[in-house]
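*Asks:* With chain A's structure known, arrange chain B on it following the hints.
Number of protein chains: 2
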Amino acid sequence: MASPVDPIRPTDADARALARSLIDDARFAALGVIEPASGAPMVTRVAIARDARGLPMTLVSDLSQHTKALRSNPACSLLLGEPGPRGDPLMHPRLTLQCRAVFVAPAGTEHGALRARYLAQHPKAKLYIDFGDFRLIRFDVHSGFLNGGFGKAFNLTAKDLTGAS
Amino acid sequence: MASPVDPIRPTDADARALARSLIDDARFAALGVIEPASGAPMVTRVAIARDARGLPMTLVSDLSQHTKALRSNPACSLLLGEPGPRGDPLMHPRLTLQCRAVFVAPAGTEHGALRARYLAQHPKAKLYIDFGDFRLIRFDVHSGFLNGGFGKAFNLTAKDLTGAS
Chain A
1 MASPVDPIRP TDADARALAR SLIDDARFAA LGVIEPASGA PMVTRVAIAR
51 DARGLPMTLV SDLSQHTKAL RSNPACSLLL GEPGPRGDPL MHPRLTLQCR
101 AVFVAPAGTE HGALRARYLA QHPKAKLYID FGDFRLIRFD VHSGFLNGGF
151 GKAFNLTAKD LTGAS
Chain B
1 MASPVDPIRP TDADARALAR SLIDDARFAA LGVIEPASGA PMVTRVAIAR
51 DARGLPMTLV SDLSQHTKAL RSNPACSLLL GEPGPRGDPL MHPRLTLQCR
101 AVFVAPAGTE HGALRARYLA QHPKAKLYID FGDFRLIRFD VHSGFLNGGF
151 GKAFNLTAKD LTGAS
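So the protein lines, in turn, are chains A and B. Residues 1 to 165 in the numbering used here are what the first sequence lists, from first letter to last. Residues 1 to 165 in the numbering used here are what the second sequence lists, from first letter to last.
Since the hints were derived computationally from the structure, they do not count as laboratory data. Glycine included, every Cβ here is placed at the ideal spot set by N, Cα and C. Keep in mind that a hint or two might mislead.
Claimed, not checked - If you want the footprint, here are the derived chain B segments under chain A, 3+ residues with CB under 8 Å:
| # | region |
| --- | --- |
| 1 | 20 to 33 |
| 2 | 69 to 83 |
| 3 | 93 to 107 |
Just chain A, same shape as in the assembly:
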C-alpha cells in the first residue's frame, strides 16, 4: 500500500482563502536561511506582522545569526500556521512561503509606515524597535506551498496570496 502518487491538488478559492488566513493570523513564524559559513539551512523563530500588501514582515537584530545570514543571502523561507496543544500536528494546516528578504532602509520613504504597522501588530516592540541594531525586513514572496493536512497540498503563486493581478 502507498500514498496517492501526486499529492498536489489544483489550487482553488478555498486553498487561497486558507493560505490568506494563515498569513493574517500569524504572530510568529519559523524562518529558514542559509548559514554563510557552512551553506547549510538554519531555522529560527521570528515575529511576523503584515505590510500594506498583506505580505509578511518582521523585526530583527543585527546581532542575530539570521540577520547576518540574510545580509549574505536574502533567499529565505517562512513556515506559518501553528498547531494547537492537542490533536495531530500534521493535520493542522501550514503554509511555506519562498521569499526574498528586503531590508527596510531606516531613512527610506517606506520606513515610517512599516514601523507604524509593525507596532500596531506588536505593541510591546516599542521597547526595542528604535534600538540601533534593529531592522525591519519585509518578505517578497515568489511562491508558496500550502499543506492543509494529509493529502491536501497546493502550490501557490504570489498572485494567489495577494490577489494582485
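*Replies:* Below, chain B without anything else, positioned relative to chain A:
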C-alpha cells in the same frame, strides 16, 4: 540605545537541561532543507520522536519535497519548542539544531527498533508507517543554538545535548 553586544552566554547546566526538555517535549518541528532546484532554504513541518540516544527522528513520505531535498543534500536544521497561544512568542524558549539527516534503511538492523520507538511516541502513525513510500529518518546533530528569550542565547555541542562523553 542598543542591545548587548554579545548576546551569547556561557553554556551551563540550566541551558543543557532546557535544551534537553525542548527535545523531549517536541511532537513536531520546523525542518529546514535546501531546495535542490533553487539552492534556497525551504521550511516545512515534520513530526518528531526520539531515538535511543534521545536525538530527534521523524517519518516522511518520498512524495514530500523535504524528503527529495534531503536525498539530494542531507544538511538540515530543526526548530523545536512551540509557544503557547498567549504571551510573547519571542520570550518562549526554542532550540535550533544543525543536523545531518540519515535515512534508516528499511531492511537494516536498526529499523525495527526505531520503528517501534516511533510508534510508541506517535501511535496514530501505525495507519501509514508501513506504506511503501514512508521512510524513517534520524538526525545526527552536530551543533545547537538555544534561545531562552530576549538576551538569553547559548551555543551547544552535540555532547551538551546527549550527555555523551
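*Asks:* Hints first: check each against the structure and report whether it holds.
*Replies:* Status of the hints after comparison with the structure:
With 6 residues bearing a CB less than 8 Å from a CB of chain A, the region 20 to 33 of chain B meets the requirement of three and the coverage assertion stands. Using a Cβ-Cβ cut-off of 8 Å, 7 residues of the region 69 to 83 of chain B lie near chain A, which meets the minimum of three, so the contact claim holds. Check on the region 93 to 107 of chain B: 3 of its residues sit with their Cβ under 8 Å from a Cβ of chain A, so the three-residue criterion for coverage holds.
The structure fails none of the hints (numbered hints given earlier).
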